[in-house]
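Each chain, written out:
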Amino acid sequence: MKIKVLFFAALREQVGVASEEIELPGETSTIAALCSQIAARGGAWQAALAGKKMLRFAVNQDMAQPDALLKSGDEVAFFPPVTGG
Amino acid sequence: MKVLVQREDFDVGAEVEALARGNPKVGAVASFIGLVRDVNDDAAVRTMTLEHYPGMTERSIAQIVEEARTRWDVIDCTVIHRYGELKPTDRIVLVAVASGHRGDAFEACEFIMDYLKTRAPFWKKEQTPQGARWVEARTGDDDAAARWKK
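First to last, the protein sequences are chains A and B.
One point on numbering: in this note's numbering, the residue at position 30 of the first sequence is 30, and numbering is uninterrupted.
Heads up: take any position in the second sequence, counting from 1, add 85, and you land on this note's numbering.
For reference, chain A alone in the conformation it holds in the complex (with noise of 0.2 Å):
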């Protein structure tokens, strides 16, 4: 299955990527399971996902926690904590 992965804020610096299309196993996933493959990489990509505390995740521009379903075709955002307002 395809998933459309966006990146903003500091984290996109320290990844150095906005956004990328990442093909995942399976008919359904987690977004625990997408972390677990983009931080193996390694590298940055591992040091921007292992704070787990500074991580917030969206899947389709809704908040969403790190056990919540994918299927093809969504698209899922990481992020810090808002800073807005």
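Rather than coming from a laboratory, the hints here were simulated on the basis of the structure.
Only a predicted model underlies this, so the values are computations on that prediction, with no experimental measurement involved.
Beta carbons are placed, not taken as given, at the ideal position from N, Cα and C, and that holds for glycine.
Honestly, I wouldn't trust all of these hints.
Claimed, not checked - To spell it out: a stretch of chain B is covered by chain A in this simulated footprint if at least three of its residues, at any positions, have a beta carbon under 8 Å from a beta carbon of chain A; those stretches are:
1. 95-101
2. 130-137
3. 140-146
4. 207-213
Said to hold, decoys possible - If the Cβ cut is set under 7 Å, some of the chain B residues that face chain A in the computed set are:
5. G119
6. V178
7. G216
8. W219
9. V220
Given the coordinates of chain A, work out where chain B should sit on it, guided by the hints.
Chain B in isolation, oriented as in the chain A frame:
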């Protein structure tokens, strides 16, 4: 209900005026304006760049406004949040709520602002004399949002 995410500045007077115009049911309009300060965490701030997640930003603010409508008498509401490069004294955000009475207007306005600070996907980056840095989320903002939980 009006939700705008834009680079441009906004006219506070015109926005607040528009909320009550021609509606005799409106007895109160409460508004909040957030501005860029020239100092944060003991460092001078030269400019501030606001990044956001287009699409989710508008969607999350609309959801926050809808939640406020279920809890208070909100006749109309305007939320405008800017992004891009801003400098000290620039306006960042406007939340204005029109209601029958002041209690609902005040509370709904504060609720929208507290939720926006913890749920709307914006990130601030400050340029200081020591270099650029991303603003870190404050636990006080989470506490402010949590107190609205029933």
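Check the structure against each numbered hint from earlier and tell me which ones fail, lowest number first. 1 and 7
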